[in-house]
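Taking the hints into account, I'd like the entire structure generated from these sequences.
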Amino acid sequence: RKEVEQDPGPFNVPEGATVAFNCTYSNSASQSFFWYRQDCRKEPKLLMSVYSSGNEDGRFTAQLNRASQYISLLIRDSKLSDSATYLCVVNTNAGKSTFGDGTTLTVKP
Amino acid sequence: DVKVTQSSRYLVKRTGEKVFLECVQDMDHENMFWYRQDPGLGLRLIYFSYDVKMKEKGDIPEGYSVSREKKERFSLILESASTNQTSMYLCASTKSGTGEAFFGQGTRLTVV
Numbered sequence: 023r024k025e026v027e028q029d030p031g032p033f034n035v036p037e038g039a040t041v042a043f044n045c046t047y048s049n050s051a052s053q054s055f056f057w058y059r060q061d062c063r064k065e066p067k068l069l070m071s072v073y074s075s076g077n078e079d080g081r082f083t084a085q086l087n088r089a090s091q092y093i094s095l096l097i098r099d100s101k102l103s104d105s106a107t108y109l110c111v112v113n114t115n116a117g118k119s120t121f122g123d124g125t126t127l128t129v130k131p
Numbered sequence: 031d032v033k034v035t036q037s038s039r040y041l042v043k044r045t046g047e048k049v050f051l052e053c054v055q056d057m058d059h060e061n062m063f064w065y066r067q068d069p070g071l072g073l074r075l076i077y078f079s080y081d082v083k084m085k086e087k088g089d090i091p092e093g094y095s096v097s098r099e100k101k102e103r104f105s106l107i108l109e110s111a112s113t114n115q116t117s118m119y120l121c122a123s124t125k126s127g128t129g130e131a132f133f134g135q136g137t138r139l140t141v142v
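These protein sequence lines map, in sequence, to chains A and B. Using the numbering used here, the letters of the first sequence correspond one by one to residues 23 to 131. Using the numbering used here, the letters of the second sequence correspond one by one to residues 31 to 142.
Any given hint might turn out to be false.
To be verified - One-sided excerpt, in silico: chain B residues whose CB lies under 10 Å from chain A:
| id | residue |
| --- | --- |
| 1 | E60 |
| 2 | N61 |
| 3 | F63 |
| 4 | Q67 |
| 5 | L73 |
| 6 | R74 |
| 7 | L75 |
| 8 | F78 |
| 9 | Y80 |
| 10 | G88 |
| 11 | D89 |
| 12 | M118 |
| 13 | E130 |
| 14 | F133 |
| 15 | G136 |
Just so you know, these hints were derived from the structure itself, not from any lab. Here the structure is a predicted model, which is why all the values come from computation and not from measurement. Even for Gly, the Cβ is constructed at its ideal location relative to N, Cα and C.
Listed below in structure tokens is the structure:
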């Protein structure tokens with residue numbers, strides 16, 4: 023079993039739709055959690071950190087459930103420019119970052 | 031502007047060659063990582079380092095070695111390149127405690 027598993031996707035949604043991605047992790051000692059965005063042929067870039075209390079940034083909301091060991095990303099009112107691959111990342115206190123395989127989102131007009 | 035710089039965007043090497051991929055960061059980060067990314071397999075960790083001269087194996091270290099002689103530089107070495115090492119290689123760095131990873135632009139290596 024992989025340390026970090028994501029919804030396989032791909033997700034194809036119309037503009038304006040709400041879409042949610044989930045990610046589970048197996049290491050209960052994991053300390054910090056992130057969502058990254060990767061555009062085609064580009065390097066991943068931080069989208070947002072994920073906190074136990076949940077956090078929101080505009081149309082994006084991230085949640086962490088430590089008891090069930092999963093994190094989620096919700097995108098509301100999808101835009102064409104949201105089309106990308108979304109990667110969840112889990113860090114241990116030893117500094118190791120483990121990435122999920124990514125979920126590809128395509129937003130269509 | 032923070033920066034992680036990889037020495038090459040594209041490389042073509044022959045089977046059996048020794049290959050060096052260089053990565054430099056200017057953020058005084060303690061942790062540095064090398065990943066490879068292949069279609070359908072996501073980002074896989076090859077090696078990481080949390081201090082100068084320290085290294086830890088990641089998930090797929092076979093066929094690779096690394097060197098961290100200075101804090102800002104982390105090198106990935108393919109001792110004898112093989113065609114199954116054709117891939118996109120991504121270097122990243124993080125500051126201990128924050129966790130946010132900053133990536134280089136990637137090196138697309140083709141081994142022929």
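A quick look at each hint next to the structure:
The closest approach between the C-beta of B/E60 and any C-beta of chain A is roughly 7 Å, which is under the 10 Å cut-off, so the hint is satisfied. Taking 10 Å as the C-beta contact cut-off toward chain A, the hint placing B/N61 at the interface holds, the least distance being around 5 Å. Against a cut-off of 10 Å between C-beta atoms, the interface hint on B/F63 holds, since the closest Cβ of chain A lies about 6 Å away. For B/Q67, the interface hint holds, since its Cβ comes within 10 Å of a Cβ in chain A; the closest pair sits about 9 Å apart.
Nearest Cβ of chain A to the Cβ of B/L73: about 4 Å, under the 10 Å cut. The hint holds. Below 10 Å, beta-carbon pairs count as interface contacts, and B/R74 has one with chain A at about 8 Å; its hint therefore holds. For B/L75, the interface hint holds, the least distance from its beta-carbon to any beta-carbon of chain A being 7 Å, beneath 10 Å. For B/F78, the interface hint holds, the least distance from its beta-carbon to any beta-carbon of chain A being 6 Å, beneath 10 Å.
Proximity of B/Y80 to chain A holds as hinted, the smallest CB-CB distance being about 5 Å (cut-off 10 Å). With a cut of 10 Å, the hint placing B/G88 at the interface with chain A holds, because the nearest CB-to-CB distance is about 8 Å. Among the interface hints, the one on B/D89 holds; its C-beta lies about 8 Å from the nearest C-beta in chain A, closer than the 10 Å criterion. Satisfaction of the interface hint for B/M118 is found here, the shortest Cβ-Cβ separation to chain A being roughly 9 Å, below the 10 Å cut-off.
A distance limit of 10 Å between C-beta atoms decides the matter here; for B/E130 the minimum to chain A is near 5 Å, and the interface restraint holds. Here the hint on B/F133 is kept, as its CB sits about 4 Å from the closest CB of chain A, short of 10 Å. Proximity of B/G136 to chain A holds as hinted, the smallest CB-CB distance being about 6 Å (cut-off 10 Å).
The structure fails none of the hints (numbered hints given earlier).
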